[in-house]
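Enquirer: Each protein sequence line maps, in turn, to chains A and B. Heads up: the first sequence is residues 0 to 319, going by numbering that gives the first Met the number 0. Heads up: the second sequence is residues 0 to 49, going by numbering that gives the first Met the number 0.
For the record, the hints were derived by calculation from the structure and aren't laboratory data. Nothing here was measured: the structure is a model prediction, and the numbers come from that model. Warning: the hint list may mix true and false statements.
To be verified - Straight-line Cα separation of at most 20 Å, SDA-like style, residue types lysine to any residue; simulated pairs:
| id | chain 1 | residue 1 | chain 2 | residue 2 |
| --- | --- | --- | --- | --- |
| 1 | B | K12 | A | G91 |
| 2 | A | K24 | B | I21 |
| 3 | B | K12 | A | W16 |
| 4 | A | K24 | B | K12 |
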Amino acid sequence: MTDTAALPARPVAPARWQDYVALLKPRVMSLVVFTGLTGLVCARTPMNPVLAGVAILCIAIGAGASASLNMWYDADIDANMRRTRHRPVPSGRVQGADALALGIVLSLFSVGMMALAINLLAAGLLAFTIVFYAVVYTMWLKRSTPQNIVIGGLAGALPPVIGWAAASGSVPLNAWLLCAIIFLWTPPHFWALSLYTSGDYAKVGVPMMPVVRGAASTRRQILAYSVIFVAAALAPVLTGLGGPIYLAVSALGGLGFIALAVRLFFSRAGDVDERADGLYDVKPAAKHARNLFAFSILYLTLLFASLLIERLAGVAVLRP
Amino acid sequence: MSTPFPEGEEAAKARRRRSLAIALVLGAFVILVFAVTLARMGSHVPVQPY
């Protein structure tokens, strides 16, 4: 939080309870719940359904707490970016101190409940995730290095590991493989987005890759990360985590992912200031970046959904 | 007792709804602790023979 002078001193409108829900970034939370649930189910450890629900709830609340702390700290830059200026704190509907208090209370609640109801390993991983996102990423990396989302992506990659730890009390190789998949997915996903929102990031001084190294370098790195990510997405088939459905989804989707990354590489996306009103309303030159961004969300969702379906339907895994 | 910043009707309505939301969350928390207690005890307390 570098400068809050531009923010309203008093609320411009009375805060609604929905504004506090918005502080928790419910859409991000839903993806975190989904990947955390996949980790929990893939652990193949019988678990009391009430305790399983509590574990997922703690992961969700922990993610919401991180988001609230992020919105408190980043209110100054959020106020100057089109994508974020309507958030509760920069718009003045919620005071920054309230967002901070909500984040701290929910962090303590989620970690405490995880420790008391589930196990200390899951609680420790959850606490690490919250601190890593709120302190290491938000307060340090985001404003200091173009590798911000690469390293910071670890926070978004840990929920399946937490879910696995909650179910089994341990974190084997397959749990870290799920983590690696999300970790390697993050750079192409966010850099594709930043290729057509880099004007906003440059304006507020956030050193996103297209701002610091330029669009051509970003497109090249997106392609490199895409190849590594798709290879990692195929790995669960070799370790016995994924079965035939997963193999089909990861292979076909992976080909599509790399094809979109190649098209983006040869495009001029990000070369000119592509100003648009919304995430999906972009100028023609940035369409390839938009397409990869949208497909990346679909592909990751399908990967984890196929693992979930295979486990719940009892589909046999492939043995190499 | 009068307040230095008199509350408008819209603000009062929003405050009442926030208070209701907090009450619901606290109620859910009590139920959650009760359910977790039952689930945790269920796996450790032996069945008493009668």
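Enquirer: Would you mind confirming whether the straight-line C-alpha gap from K24(A) to K12(B) stays at or under 20 Å?
Expert: Judged against 20 Å, a Cα distance of about 24 Å means the pair is violated.
Enquirer: Is the Cα-Cα distance between K12(B) and W16(A) 20 Å or less?
Expert: 11 Å, holds
Enquirer: Are K12(B) and G91(A) close enough, with their CA atoms no more than 20 Å apart?
Expert: Cα-Cα ~18 Å, so holds.
Enquirer: Under the criterion that the straight-line Cα-Cα distance not exceed 20 Å, is the pair K24(A), I21(B) satisfied?
Expert: 19 Å, holds
Comparing the model with each earlier hint shows a violation of hint 4 alone; every other hint is respected.
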